[in-house]
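**Q** Each chain is listed here by its residues.
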Amino acid sequence: MNINWELVWSSLGPLLTGAITGTIPLALASFSLGLLLALVVALMRLSRNRVVSAVARIYISVIRGTPLLVQLFVIFYGLPSIGITISPWPSAIIAFSLNVGGYAAEVIRAAILSVPKGQWEAGHTIGMSRHQTLVRIILPQAARVSVPPLSNTFISLVKDTSLASLILVTELFRVAQQVAAFSQEFMLLYLEAAVIYWIICLVLASGQSALEKRLDRYVAH
Amino acid sequence: MNINWELVWSSLGPLLTGAITGTIPLALASFSLGLLLALVVALMRLSRNRVVSAVARIYISVIRGTPLLVQLFVIFYGLPSIGITISPWPSAIIAFSLNVGGYAAEVIRAAILSVPKGQWEAGHTIGMSRHQTLVRIILPQAARVSVPPLSNTFISLVKDTSLASLILVTELFRVAQQVAAFSQEFMLLYLEAAVIYWIICLVLASGQSALEKRLDRYVAH
Amino acid sequence: GSASTAPASSAPAAGADTSLSDVKSAGVLKVGTEGTYKPFTFHANGSGELTGYDVEILNAVAAKLGVKPAFQETQFDAIFAGLDAKRFDVVANQVSITDERKAKYDFSTPYTVSTGVIVTKSDNNSINSFEDLKGKTTAQSLTSNWYKLAQQSGANVEAVEGWAQAITLLKQGRVDATINDKLTYLDSQKTDHDAGIKIAAETTDKSLSAFALRKGSTSLTDAINKALGELAADGTLTKISKKYFDADVSK
Amino acid sequence: MSPTELPPTEPASPEVPVPEDALLTVRGLRKAFGQHEVLKSIDLEVRRGEVVTLIGPSGSGKTTVLRCLNGLEVPDAGVAEFAGQLTVDFSTPVAKKQVLALRDRSAMVFQHYNLFPHKTVLENVIEGPVQVQKRPKAEATQEARELLARVGLAGKENSYPFELSGGQQQRVGIVRALALRPQLLLFDEPTSALDPELVGEVLAVIKELADEGWTMVVVTHELAFARQVADEVIFMDGGVVVERGHPDTVLRDPREERTRQFVDRLLNPF
Amino acid sequence: MSPTELPPTEPASPEVPVPEDALLTVRGLRKAFGQHEVLKSIDLEVRRGEVVTLIGPSGSGKTTVLRCLNGLEVPDAGVAEFAGQLTVDFSTPVAKKQVLALRDRSAMVFQHYNLFPHKTVLENVIEGPVQVQKRPKAEATQEARELLARVGLAGKENSYPFELSGGQQQRVGIVRALALRPQLLLFDEPTSALDPELVGEVLAVIKELADEGWTMVVVTHELAFARQVADEVIFMDGGVVVERGHPDTVLRDPREERTRQFVDRLLNPF
Ligand SMILES: Nc1ncnc2c1ncn2[C@@H]1O[C@H](COP(=O)(O)OP(=O)(O)OP(=O)(O)O)[C@@H](O)[C@H]1O
Ligand SMILES: Nc1ncnc2c1ncn2[C@@H]1O[C@H](COP(=O)(O)OP(=O)(O)OP(=O)(O)O)[C@@H](O)[C@H]1O
Ligand SMILES: [Mg+2]
Ligand SMILES: [Mg+2]
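Chains A, B, C, D and E, in that order, give the protein sequences. Per our numbering, the first sequence starts with residue 244, numbered consecutively. Per our numbering, the second sequence starts with residue 244, numbered consecutively. Per our numbering, the third sequence starts with residue 4, numbered consecutively. Per our numbering, the fourth sequence starts with residue 4, numbered consecutively. Per our numbering, the fifth sequence starts with residue 4, numbered consecutively.
Pulled out of the complex, with its shape left as it was, chain A reads as follows (with noise of 0.2 Å):
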């Protein structure tokens, strides 16, 4: 196994572009927009309506059910045909949201489950509201709950953003994959890639320690 060490060291600054300006920005957007989104599926699902339920029941079975890979041709090449078009970049932050959405809901769903009943009761006896108690008691202990699972989703909406080459956006694997193309080298250059997935996966999963610790601050040691 003989290594093209000068490939190696000449596509390095294309596939880190790739990160830096693809990967990374699109996966922290959509990280974003699909934690709100995830809080919103979530509240809906432990709604007391049954309708509003089933419809945050039935867009996470779906969303969970499918290929992210159909989801994002769907988005892209399938709404233009009822007259929605939307650039490559919006498409994508849109597609991975949705699916962070539908992943982190049932992640949200079950750090709120898991705070005790008696902090709602505790919430209700200083006269708070049902929101007032969601917002300024149960969420901030739900959040501690749900760094790791949260972190995980992450992780892999890292490696999934790489999907986002078929709807034109161009990140790190595209580029590794150009690359390929060129020299021939598609393993090497998978291989690259997959080392900066790696390294890109193992701050977010240091970031991950250093919040749990931070949140940490008011439980026993």
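To be clear, the hints were calculated from the coordinates, so they are not data collected in a lab. Computed from a predicted model, the values in this text were never measured in an experiment. There could be a bad hint or two in this list.
What the hints assert, rightly or not - Within a straight-line C-alpha distance of at most 20 Å, the following computed DMTMM-like cross-link-like pairs (lysine to aspartate or glutamate) qualify:
#1 D:122 with A:455
#2 D:210 with E:267
#3 C:89 with C:20
#4 C:107 with B:249
#5 E:210 with D:267
#6 C:27 with C:233
#7 E:122 with B:455
#8 A:360 with D:76
#9 C:254 with C:233
#10 B:456 with E:166
#11 C:174 with A:428
#12 E:100 with B:364
#13 D:122 with A:459
#14 D:99 with A:364
Said to hold, decoys possible - Rough simulated footprint, nothing fancy, chain C against chain A, three-plus residues with beta-carbon under 8 Å:
#15 307 to 321
#16 408 to 421
C-beta atoms are modelled at their ideal positions from N, C-alpha and C, and glycine is treated no differently.
For chain A, the structure is supplied; the task is to place chains B, C, D and E with the ligands on it using the hints.
**A** Frame of chain A, contents of chains B, C, D and E with the ligands only:
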């Protein structure tokens, strides 16, 4: 949007065949093996031996930090360069099992840690060894806790098997691509495949509920 | 055989054909291409400008039309979906003209005339013709017309993503052969000088590649054809072809 | 409890017990969970400055009574009347506003404290006054510090609950309730989650509050405490009031056999 | 506990108390967690048929003593000697086998029962005899049924723990320990997680076992129980034994001020 229903109908047979002879057996085999592997890795990760635990930790990090596509490529296209040539199906099963092994290991580890320490002590006080307590007391309880997250892993796996087409395994998604390549109806075929994936996932999800109910027989309702 | 004369009546669009006027008024011709198919559409040095035989020809066509080409790169799966969804006006990606495709899309006059070749390992003497493929295994890109040719020759076909993977499988001994465009083979040999592979046979039929357009884009197709005719006449096509293939493959 | 609804007399100061005017009257309180009738027509009368203790076996419905009074549970039937100002009839559908009004008049101290783990002691206490009652933060903080000092927690303002012992946490729970200036304090087995040697410090605080004239309903298993502090003891079993009266009667010489058995079992466990 | 290591005299039957021969002698037991010295040289002597109760404030190290005796914790120093047969010196590295041998001689009953939630009552009880001691399942089942009947749980064999009250669960915990036929029973606050009215039923069972001649060490806050059942009361504080002696002395008229304070606080919480 006019839909070519004839194509939908005529491709249904091939797509279902792809699911039944490709997607489903691949997912089942990889999940079973991956679960075994995950158990071993989880126990290694929990081991007091620092080297063993570090090996498990690195394995998990690499598996979760790099794209599955690259893992498949390395095993199928990369290993031959060091003299190991594995056929498509075994390659796919190995790659997916290794992948599930990394993800499910963390689920199982968390589930084991979620069993109260008192259960270990109760096992010890009746004279059980660490191993006996693990097998007879801890794992049965951890199993209950890990059903929901493991079923998520399974559902992800089902959709991820579509990547097996990259290493010459014919499954549902590959069939969809084949039919689409000839009819040029990518959107339609992908949607049809998505519906089949969704149905598989719905079946899995209801299997999950049934299993949870069964395992719930010993907890208060 | 050009498909540009396909009757406009088969167009799904109910209104008049505005394909040319739309492009002209936008001043931009949206082009779908893979960007990873050397030497037709790829990035110079792997990460530089998009270039290649198809790309240069399309640039020349666009210049004639007086519009700017806007290349949009994606996987082959998505290229036709993109054309259907009006994401692109035209596909420039060595699209071979086949009956199935002619039924759904309009084609320009072809700008590539080539043959298909069977590529095997150099030490493989068992395959000398397309008949010899019977029972053998070949690696083909699913979306290429060579896939069908391999099947018709009686080969077991493994679907791969592209040339690089096909050659990898070939050299690993996992497939016996791959059929591809002779031009692709020649180009890869130009850079790799790989003595491990050879041409085992060549088709007698010519394969024609052209720009693909949405059905009913008659005015745009006509304009492109007109431009291609002028570019053929003034020697531009030959010049581009010589640059990439040291030969004129444009007719 | 919004400021406009504050009781006319502040219960935090009246050292002189208010005469026997009823603060809360409950009639025919019923509550079922599904098929299970947990409360079968409970009557209750609490006068200003009075301490009522509820005793009874597990599952008899004691907690449910408190939860109904605090609006955490909506009863199926019954009428609750707060000192003439507020009457809620549960037989008809009850407006949310009425439940909130009910809740504003009382504050609950929970068996497991239910402090907010992500907030400091001080933040736990001022959360209600500042966020709900919209009182100025400085004023609420000032008052919270005084209350904390009174229960022996001066200096713990910036600790998180996990840094405190169980007894300290429960005292914070009590202060959190007091800071709302409710008309009625509800205690649900406030010491039964505590280490035995920490029970005393919490009971002492409750007794002090009783001496200061706070009106309270206390569910407890501490019969010695009930005997010393309660004005009335109510023994419940199976969702009904079996016996009620002065602690000396109910706890020493009950009329009902069931009461005697229960009290005996608690006083002489073997 | 393998059958070959069974004690020569079965403690399950000796109605006549065995004379004052020491079953367990512990000298100089020390244990630290990190910097925190939890046990600072504890001595202990338990004679056959004797009941020793450990009392003391939270954190004084009572649970740690029991855990060391049961081999759940490995002490840093000290010697434990079981009736001449087994001597373990913790000052030197201890073989796993010795820890197991120690564990075989005793069985622990936990504050929170720690029943196996996924096994029925019967399965909980026979798990040790069948899986560890390799006794025939039929025999173990037969014995388990008898023991369950003796603590008033006949008919509950096939229930799951969650279907039982706390008192019933703790009685299963006791039977699970008994079924191992240990030489020594260790109880760690066996009633402090129970509803007050369920305390009695569990204490009654323990008292009965004491009367039958079982040797036991009981950590408890139930001073009345200690007074009635214990042969010796040991008061611990801060990891040392402050005072030990006959319950009448230690609980009624202790020599040490610290003991008096603790006992007072428990008996008169306010
Ligand atoms: N939310 C609920 N859903 C269903 N049943 C409930 C609910 N809350 C309480 N119960 C049932 O109502 C009955 C009375 O409960 P409650 O908590 O009021 O009793 P308690 O007297 O406070 O008992 P304890 O001394 O154990 O606290 C019990 O049988 C309980 O199982
Ligand atoms: N595994 C451990 N790691 C660190 N510290 C521990 C551990 N186990 C116990 N401790 C500490 O050792 C001290 C004694 O604990 P122990 O549980 O023996 O006390 P206890 O007398 O049983 O108290 P309680 O009445 O609360 O049960 C406590 O300060 C406790 O925090
Ligand atoms: Mg209660
Ligand atoms: Mg303890």
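**Q** Next step is simple, just say for each hint if it's right about the structure.
**A** Against the structure, the hints come out as follows:
1. D:122 with A:455: OK: residue 122 of chain D and residue 455 of chain A at ~17 Å, within 20 Å.
2. D:210 with E:267: 18 Å, holds
3. C:89 with C:20: 14 Å, holds
4. C:107 with B:249: Satisfied, since the Cα-Cα distance of roughly 16 Å is no more than 20 Å.
5. E:210 with D:267: 18 Å, holds
6. C:27 with C:233: OK: residue 27 of chain C and residue 233 of chain C at ~19 Å, within 20 Å.
7. E:122 with B:455: Since the Cα atoms of residue 122 of chain E and residue 455 of chain B sit roughly 17 Å apart, the hinted pair holds (cutoff 20 Å).
8. A:360 with D:76: 13 Å, holds
9. C:254 with C:233: Cα-Cα ~14 Å, so holds.
10. B:456 with E:166: 17 Å, holds
11. C:174 with A:428: 14 Å, holds
12. E:100 with B:364: Roughly 17 Å between the alpha carbons, so the hint for residue 100 of chain E and residue 364 of chain B holds.
13. D:122 with A:459: 12 Å, holds
14. D:99 with A:364: Given that 20 Å is the threshold and the Cα spacing comes to 16 Å, the pair holds.
15. 307 to 321: Since 4 is at least three, the answer is holds.
16. 408 to 421: Since three or more residues must qualify, the claim that chain C covers the stretch 408 to 421 of chain A holds, with 9 doing so at under 8 Å.
Violated hints are absent here; each numbered hint is respected by the structure.
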